[in-house]
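Residues per chain are reported as follows:
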Amino acid sequence: NAGVTQTPKFRILKIGQSMTLQCTQDMNHNYMYWYRQDPGMGLKLIYYSVGAGITDKGEVPNGYNVSRSTTEDFPLRLELAAPSQTSVYFCASSYDRKLFFGSGTQLSVL
Amino acid sequence: AQSVSQHNHHVILSEAASLELGCNYSYGGTVNLFWYVQYPGQHLQLLLKYFSGDPLVKGIKGFEAEFIKSKFSFNLRKPSVQWSDTAEYFCAVNALNNNDMRFGAGTRLTVKP
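Top line first, the protein sequences correspond to chains W and U.
Under my numbering, think of the first position of the first sequence as 2, with each following residue one higher.
Under my numbering, think of the first position of the second sequence as 2, with each following residue one higher.
Worth flagging that the hints you see were computed from the coordinates, not collected in a lab.
Worth double-checking, as some hints may not be accurate.
[Stated by the list, open to error] Using 20 Å as the maximum straight-line C-alpha spacing, the simulated DMTMM-like pairs for lysine to aspartate or glutamate come out as follows:
no.	chain 1	residue 1	chain 2	residue 2
1	W	99	U	16
2	W	99	W	80
3	U	113	U	67
4	W	45	U	89
5	U	62	U	16
6	W	99	W	27
7	U	62	U	89
8	U	70	U	16
9	U	62	U	101
10	W	10	U	101
11	W	99	U	89
12	W	45	U	86
13	W	10	W	97
14	W	45	W	27
15	W	58	U	101
16	W	58	W	80
17	U	50	U	16
18	W	15	W	60
19	W	10	W	57
20	W	15	W	73
21	U	59	U	86
22	U	50	W	97
23	U	79	U	16
24	U	59	W	27
25	W	99	U	55
26	U	59	U	101
27	W	45	U	101
[Stated by the list, open to error] The following label-pair restraints were derived from C-beta to C-beta distances:
no.	chain 1	residue 1	chain 2	residue 2	range
28	W	29	U	69	35 to 43 Å
29	U	109	W	64	45 to 53 Å
30	U	17	W	64	40 to 48 Å
31	U	65	W	41	25 to 33 Å
32	W	84	U	18	15 to 23 Å
33	U	42	W	87	18 to 26 Å
34	W	104	U	17	40 to 48 Å
35	W	29	U	17	41 to 49 Å
36	U	8	W	28	16 to 24 Å
37	W	55	U	11	19 to 27 Å
Backbone N, C-alpha and C fix where the C-beta goes; we use that ideal spot for every residue, glycine too.
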């Protein structure tokens with residue numbers, strides 16, 4: 002099993018550009034999450050999903066969108082990138098309330 | 002929604018010293034509690050968890066944590082740290098009546114050889 006796979010690993014965006022961070026898992030987990038990690042701030046929950054077709058906002062959803070058309074995929078979309086979105090993004094899936102994390106995407110918005 | 006506080010931002014210890022990292026949460030209902038660890042250059046991994054039962058839980062690599070309900074705390078402990086324990090440690094809380102998982106700001110542990 003690959004577990005949780007995130008792509009890309011690194012990306013530099015210009016202000017105002019858009020992009021999608023991909024996340025896929027092969028463990029058939031219903032629950033999936035997107036977090037951003039900033040130095041000294043820990044992980045902040047952006048969006049989560051409890052199953053295909055269902056998504057909910059977390060602590061810091063502004064500037065992001067998600068979709069969950071399949072159990073496996075949970076992409077995160079940035080429509081108009083801003084410098085405040087420079088961060089490391091982690092996708093995770095969950096089983097029995099235990100999180101399994103991807104390796105992260107380091108995003109810089111310049 | 003629940004929230005989590007980790008009061009120690011950076012802890013520096015020598016090898017063989019004892020470790021205790023604080024974690025407090027705010028939520029009035031039933032919670033599940035977790036400690037995750039992030040070694041340098043790696044993604045987060047589960048260290049240990051508490052769902053119910055014995056409030057003293059043991060995890061991997063000699064770590065343990067104690068849930069004290071009256072203090073809303075879930076402190077992480079290890080009797081004797083090793084250089085390889087250098088990492089960032091995150092406490093997390095999940096309330097039983099919702100599906101999101103909230104993390105603390107993390108504590109960076111540096112163990113000097």
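Results for each hint:
Restraint check: the Cα-Cα separation between residue 99/W and residue 16/U comes to about 30 Å, which exceeds 20 Å; the hinted pair is violated. This hinted pair does not check out: residue 99/W and residue 80/W have alpha carbons roughly 30 Å apart, beyond 20 Å. Of the pairs offered as hints, the one joining residue 113/U and residue 67/U is violated, with about 26 Å between alpha carbons and a cut-off of 20 Å exceeded. Taking the CA atoms of residue 45/W and residue 89/U, the gap is near 15 Å; set against the 20 Å cutoff, the hint holds.
Note on residue 62/U and residue 16/U: the hinted pairing holds, with a Cα-Cα distance of about 15 Å set against a maximum of 20 Å. Proposed proximity of residue 99/W and residue 27/W is supported: the alpha carbons are some 16 Å apart, at most 20 Å. With a CA separation close to 15 Å, the supplied pair residue 62/U and residue 89/U stays within the 20 Å bound. The suggested pairing of residue 70/U with residue 16/U is violated, with an alpha-carbon distance near 31 Å, which exceeds 20 Å.
Taking the CA atoms of residue 62/U and residue 101/U, the gap is about 27 Å. The hint is violated against a cut of 20 Å. Restraint check: the Cα-Cα separation between residue 10/W and residue 101/U comes to about 25 Å, which exceeds 20 Å; the hinted pair is violated. At most 20 Å may separate the alpha-carbon atoms for a hinted pair to count; residue 99/W and residue 89/U meet this at roughly 18 Å. Using a Cα cut-off of 20 Å, the hinted pair residue 45/W and residue 86/U is violated, with the two alpha carbons roughly 24 Å apart.
With a C-alpha separation of about 27 Å, the suggested pairing of residue 10/W with residue 97/W is violated against the 20 Å cut-off. The straight-line distance between the Cα atoms of residue 45/W and residue 27/W is roughly 24 Å, outside the 20 Å bound, and the hint therefore fails. Restraint check for residue 58/W and residue 101/U: the C-alpha separation of about 9 Å stays at or below 20 Å, so the hint holds. Of the supplied pair hints, the one linking residue 58/W and residue 80/W holds, its CA atoms being roughly 16 Å apart against a limit of 20 Å.
Our distance criterion of 20 Å between C-alpha atoms is broken by residue 50/U and residue 16/U, whose separation comes to about 25 Å. With a C-alpha separation of about 25 Å, the suggested pairing of residue 15/W with residue 60/W is violated against the 20 Å cut-off. For the suggested pair residue 10/W and residue 57/W, the alpha carbons sit about 25 Å apart, so the restraint of at most 20 Å is broken. Annotation: proposed proximity of residue 15/W to residue 73/W is violated, straight-line Cα distance about 29 Å (limit 20 Å).
Taking the CA atoms of residue 59/U and residue 86/U, the gap is about 16 Å. The hint holds against a cut of 20 Å. The suggested pairing of residue 50/U with residue 97/W holds, with an alpha-carbon distance near 11 Å, which does not exceed 20 Å. With a C-alpha separation of about 11 Å, the suggested pairing of residue 79/U with residue 16/U holds against the 20 Å cut-off. For the given pair, residue 59/U sits about 29 Å from residue 27/W by alpha-carbon distance, which is inconsistent with the 20 Å threshold.
Using a Cα cut-off of 20 Å, the hinted pair residue 99/W and residue 55/U holds, with the two alpha carbons roughly 18 Å apart. Of the supplied pair hints, the one linking residue 59/U and residue 101/U is violated, its CA atoms being roughly 24 Å apart against a limit of 20 Å. As the CA atoms of residue 45/W and residue 101/U are separated by approximately 11 Å, the hinted pair is consistent with the 20 Å bound. Under the hint 35 to 43 Å, the C-beta atoms of residue 29/W and residue 69/U, about 36 Å apart, fit the expected range.
The given range of 45 to 53 Å is broken by residue 109/U and residue 64/W, whose C-beta atoms sit roughly 27 Å from each other. Residue 17/U and residue 64/W have their C-beta atoms about 46 Å apart, which keeps the hinted 40 to 48 Å range intact. Between residue 65/U and residue 41/W the beta carbon distance is about 26 Å. The supplied range of 25 to 33 Å therefore holds. A beta carbon spacing of about 40 Å between residue 84/W and residue 18/U contradicts the range 15 to 23 Å that was offered as a hint.
Checked against the given bound of 18 to 26 Å, the beta carbons of residue 42/U and residue 87/W, roughly 19 Å apart, stay inside it. Take residue 104/W and residue 17/U: their Cβ atoms lie about 32 Å apart, and the range 40 to 48 Å is violated. Taking 41 to 49 Å as the suggested C-beta distance range, the pair residue 29/W and residue 17/U conforms, at roughly 43 Å. Range check, residue 8/U to residue 28/W: Cβ separation about 34 Å, and the 16 to 24 Å hint is violated.
Separated by about 39 Å at the C-beta atoms, residue 55/W and residue 11/U break the suggested range of 19 to 27 Å.
Hint compliance for this structure: hints 1, 2, 3, 8, 9, 10, 12, 13, 14, 17, 18, 19, 20, 24, 26, 29, 32, 34, 36, 37 are not met, and every other hint is.
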